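*Asks:* So you can see what is in the structure, the chains are spelled out below.
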Amino acid sequence: MSQPISSSLLKHRPRLRDLFITWLALGIQSFGGGSSTLILIHQACVQRGWVDEDEFVRLWALVQIAPGVNLVKLTLLIGHRLRGWPGLIAAGAGLLLPSAAVTVLMTAGFTVIQSQPLVRAAMRGVLPATIGLSLAMGVQMAQPLISRAYKEGTSRLAAHLVILAAAALLMAFNGVSPVVVLLAAGGAAVLLLAVIPVKKKPPAEEGAP
Amino acid sequence: MNPLTFFWLFLKASLLSTGGLGNLPFLHSDLIGLGWARETDFVTAIAVGQVSPGPSGLWSISLGYLTYGWLGAALALVALSIPPLLILGVAAFFNRLETNPLVQDFVRGLALGIVGLTLTVSLGLASSSVVDLGGVVIAVAALGLAVSKKAPIILILVLAALAGLVLYGM
Numbered sequence: 001m002s003q004p005i006s007s008s009l010l011k012h013r014p015r016l017r018d019l020f021i022t023w024l025a026l027g028i029q030s031f032g033g034g035s036s037t038l039i040l041i042h043q044a045c046v047q048r049g050w051v052d053e054d055e056f057v058r059l060w061a062l063v064q065i066a067p068g069v070n071l072v073k074l075t076l077l078i079g080h081r082l083r084g085w086p087g088l089i090a091a092g093a094g095l096l097l098p099s100a101a102v103t104v105l106m107t108a109g110f111t112v113i114q115s116q117p118l119v120r121a122a123m124r125g126v127l128p129a130t131i132g133l134s135l136a137m138g139v140q141m142a143q144p145l146i147s148r149a150y151k152e153g154t155s156r157l158a159a160h161l162v163i164l165a166a167a168a169l170l171m172a173f174n175g176v177s178p179v180v181v182l183l184a185a186g187g188a189a190v191l192l193l194a195v196i197p198v199k200k201k202p203p204a205e206e207g208a209p
Numbered sequence: 210m211n212p213l214t215f216f217w218l219f220l221k222a223s224l225l226s227t228g229g230l231g232n233l234p235f236l237h238s239d240l241i242g243l244g245w246a247r248e249t250d251f252v253t254a255i256a257v258g259q260v261s262p263g264p265s266g267l268w269s270i271s272l273g274y275l276t277y278g279w280l281g282a283a284l285a286l287v288a289l290s291i292p293p294l295l296i297l298g299v300a301a302f303f304n305r306l307e308t309n310p311l312v313q314d315f316v317r318g319l320a321l322g323i324v325g326l327t328l329t330v331s332l333g334l335a336s337s338s339v340v341d342l343g344g345v346v347i348a349v350a351a352l353g354l355a356v357s358k359k360a361p362i363i364l365i366l367v368l369a370a371l372a373g374l375v376l377y378g379m
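Just so you know, the protein sequences line up as chains A and B, in that order.
Taking this note's numbering, the leading residue of the first sequence gets 1, the next gets one more, and so forth.
Taking this note's numbering, the leading residue of the second sequence gets 210, the next gets one more, and so forth.
There may be inaccurate statements among the hints.
What the hints assert, rightly or not - With a straight-line Cα cutoff of 25 Å, these simulated SDA-like cross-link-like pairs (lysine to any residue) come out: (1) B/221 <-> A/47; (2) B/359 <-> A/147; (3) B/358 <-> A/146; (4) B/359 <-> A/151; (5) B/359 <-> A/187; (6) A/151 <-> A/173; (7) A/151 <-> A/140; (8) B/359 <-> B/376; (9) B/359 <-> A/47; (10) B/358 <-> A/25; (11) A/151 <-> B/314; (12) B/358 <-> A/166; (13) B/359 <-> B/379; (14) A/151 <-> A/176; (15) A/199 <-> B/237; (16) A/199 <-> A/166; (17) B/358 <-> A/176; (18) B/358 <-> A/150; (19) B/221 <-> A/191; (20) B/358 <-> A/47; (21) B/221 <-> A/93; (22) B/358 <-> B/378; (23) B/359 <-> A/48; (24) B/358 <-> A/66; (25) B/358 <-> B/379; (26) A/199 <-> A/173; (27) A/151 <-> B/371; (28) B/359 <-> A/139; (29) B/358 <-> B/313; (30) B/359 <-> A/166; (31) A/199 <-> A/158; (32) A/151 <-> A/139; (33) B/358 <-> A/156; (34) B/359 <-> A/199; (35) B/359 <-> A/191.
Unchecked claim - Here chain B is said to cover these stretches of chain A; the calculated rule only asks that three of the stretch's residues, wherever they fall, bring their Cβ under 8 Å from a Cβ of chain B: (36) 17-30; (37) 60-67; (38) 99-111; (39) 136-147; (40) 156-168.
It should be emphasised that the hints constitute simulated quantities derived from the structure, not laboratory data.
A quick note: this is a predicted structure, and the numbers were derived from the prediction, not measured.
Cβ atoms here follow ideal geometry from the backbone N, Cα and C, with glycine treated the same way.
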């Protein structure tokens, strides 16, 4: 059974100042656009015990089906879960204010920055690294899902892998909306898991492997 | 230009879309239609969003600045901060339903789907940013370091920037 999203046992209830500073650091460090931001949020939250691996995946999935910028939604959601509305504001302001200011400054100086050979060279190193980091995050997010399915028997494991692979392939077609892919994956899980029984009764609590 | 209309166009685009670039088609047709933005503004804004810190979705702040100066950037920031609040309602809705086994299976499928999306999107980006052997080595090294959890992410990014300087800057 999966843990409900609402009832995570928070090991740490961070102070508002720590929440703000953590997100401020995330917002400033994450040069290279959204993928490095997501990777940094993932690392920071899991390391601090704010959310576990399993919850992070579900929050990130949930975030995809609501309007707006996904990383902003993720930030507000985690901030709200940790410290309510003040937490939401602390995390949101930490993420957005510095990075919005830098974005405007970079826009103003874009033609200058773009023509700097050293900046271009550094970015040519950073961009492939974000690909590797992003794949690593995919692997880490998959681990709790797959290990839980493994404990439920081979056919359930196979069903999980089929859904994962089908979502990956469907997304590879240009123009298919991620929202459609996710809703299809959810629907497929409901159907497949309804017809494939759990092999042995899973332990009551099994979050991270 | 009317600030209220400007704000409303950015807010509407964010409300009707999900993801960082989902608002692009709306802003593009509206602002180009009104003659408030040029094609090059969009190209520049999207490029800045890719390299600047924070979500790539902040590209609309860059667009706001290019088309309407600091006021435009501020209006765009406020406009993109409001729609994400709806996620609280979505999460609360799911929380109420989540003891239902069917909903649990659905959320499992969502989670599997997002892992699949992550892998595909990463590989898709690789086609444009990993263009030579050096890029492949950097990507694989970053993957290995991150999976082994031996190095913090920011260190990996700094090392990658240094590798870029050594490989391509000299």
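*Asks:* Each hint needs a verdict: does it hold in this structure or not?
*Replies:* The hints, checked one at a time:
This hinted pair does not check out: residue 221 of chain B and residue 47 of chain A have alpha carbons roughly 36 Å apart, beyond 25 Å. At most 25 Å may separate the alpha-carbon atoms for a hinted pair to count; residue 359 of chain B and residue 147 of chain A meet this at roughly 22 Å. At roughly 19 Å between alpha-carbon atoms, residue 358 of chain B and residue 146 of chain A fall within 25 Å of each other, so this suggested pair holds. For the given pair, residue 359 of chain B sits about 28 Å from residue 151 of chain A by alpha-carbon distance, which is inconsistent with the 25 Å threshold.
For the proposed pair residue 359 of chain B and residue 187 of chain A, the alpha carbon gap of about 37 Å is over 25 Å, so the pair is violated. Distance check on the hinted pair: residue 151 of chain A and residue 173 of chain A sit about 32 Å apart at the alpha-carbon level, beyond 25 Å; violated. Pair hint residue 151 of chain A plus residue 140 of chain A holds up; C-alpha atoms about 18 Å apart against a cutoff of 25 Å. For the hint pairing residue 359 of chain B with residue 376 of chain B, the CA-to-CA distance comes to about 24 Å; that is within 25 Å, so the pair holds.
Restraint check: the Cα-Cα separation between residue 359 of chain B and residue 47 of chain A comes to about 13 Å, which is no more than 25 Å; the hinted pair holds. With a C-alpha separation of about 20 Å, the suggested pair residue 358 of chain B and residue 25 of chain A falls inside the 25 Å cut-off, and the hint holds. With a C-alpha separation of about 16 Å, the suggested pair residue 151 of chain A and residue 314 of chain B falls inside the 25 Å cut-off, and the hint holds. Proposed proximity of residue 358 of chain B and residue 166 of chain A is contradicted: the alpha carbons are some 28 Å apart, above 25 Å.
Restraint check for residue 359 of chain B and residue 379 of chain B: not satisfied, since their Cα atoms lie roughly 29 Å apart, outside the 25 Å limit. About 33 Å separates the Cα atoms of residue 151 of chain A and residue 176 of chain A, which puts this hinted pair outside 25 Å; it is violated. Using a Cα cut-off of 25 Å, the hinted pair residue 199 of chain A and residue 237 of chain B is violated, with the two alpha carbons roughly 52 Å apart. Pair hint residue 199 of chain A plus residue 166 of chain A holds up; C-alpha atoms about 23 Å apart against a cutoff of 25 Å.
For the hint linking residue 358 of chain B to residue 176 of chain A, the alpha-carbon distance of about 33 Å lies beyond 25 Å, and the restraint is violated. With a CA separation close to 24 Å, the supplied pair residue 358 of chain B and residue 150 of chain A stays within the 25 Å bound. Annotation: proposed proximity of residue 221 of chain B to residue 191 of chain A is violated, straight-line Cα distance about 35 Å (limit 25 Å). Straight-line distance between C-alpha atoms of residue 358 of chain B and residue 47 of chain A comes to about 11 Å, which keeps the hinted pair within the 25 Å bound.
Distance check on the hinted pair: residue 221 of chain B and residue 93 of chain A sit about 22 Å apart at the alpha-carbon level, within 25 Å; holds. Distance restraint check for residue 358 of chain B and residue 378 of chain B: the Cα-Cα separation of roughly 29 Å exceeds the 25 Å cut-off, and the hinted pair is therefore not satisfied. Between residue 359 of chain B and residue 48 of chain A the alpha-carbon distance is near 16 Å, which keeps this suggested pair within the 25 Å criterion. Between residue 358 of chain B and residue 66 of chain A the CA atoms are separated by roughly 31 Å; this puts the pair beyond 25 Å, and the hint is violated.
A threshold of 25 Å between alpha carbons decides the hint, and for residue 358 of chain B with residue 379 of chain B the separation of about 31 Å lies outside it, so the pair is violated. The hinted pair formed by residue 199 of chain A and residue 173 of chain A fails the criterion: a straight-line CA distance of about 35 Å is larger than 25 Å. For the hint pairing residue 151 of chain A with residue 371 of chain B, the CA-to-CA distance comes to about 43 Å; that exceeds 25 Å, so the pair is violated. With a C-alpha separation of about 16 Å, the suggested pairing of residue 359 of chain B with residue 139 of chain A holds against the 25 Å cut-off.
The straight-line distance between the Cα atoms of residue 358 of chain B and residue 313 of chain B is roughly 30 Å, outside the 25 Å bound, and the hint therefore fails. Between residue 359 of chain B and residue 166 of chain A the CA atoms are separated by roughly 32 Å; this puts the pair beyond 25 Å, and the hint is violated. This hinted pair checks out: residue 199 of chain A and residue 158 of chain A have alpha carbons roughly 13 Å apart, not beyond 25 Å. A distance of roughly 18 Å separates the Cα atoms of residue 151 of chain A and residue 139 of chain A; the hinted pair therefore holds under the 25 Å criterion.
As the CA atoms of residue 358 of chain B and residue 156 of chain A are separated by approximately 29 Å, the hinted pair breaks the 25 Å bound. A distance of roughly 36 Å separates the Cα atoms of residue 359 of chain B and residue 199 of chain A; the hinted pair therefore is violated under the 25 Å criterion. For the hint pairing residue 359 of chain B with residue 191 of chain A, the CA-to-CA distance comes to about 40 Å; that exceeds 25 Å, so the pair is violated. Three residues within the 8 Å Cβ limit are the bar, and the segment 17-30 of chain A against chain B gives 4, so the coverage statement holds.
Proximity of the segment 60-67 of chain A to chain B, defined as three or more residues with a beta carbon under 8 Å from a beta carbon of that chain, is established by the 8 residues found. Check on the segment 99-111 of chain A: 9 of its residues sit with their Cβ under 8 Å from a Cβ of chain B, so the three-residue criterion for coverage holds. Beta-carbon proximity to chain B at under 8 Å applies to 8 residues in the segment 136-147 of chain A; the threshold of 3 is reached and the given coverage holds. With a threshold of 8 Å between beta carbons, the proposed coverage of the segment 156-168 of chain A by chain B holds, since 7 of its residues qualify and at least three are required.
Against the hints set out earlier in the document, violations occur for numbers 1, 4, 5, 6, 12, 13, 14, 15, 17, 19, 22, 24, 25, 26, 27, 29, 30, 33, 34 and 35.
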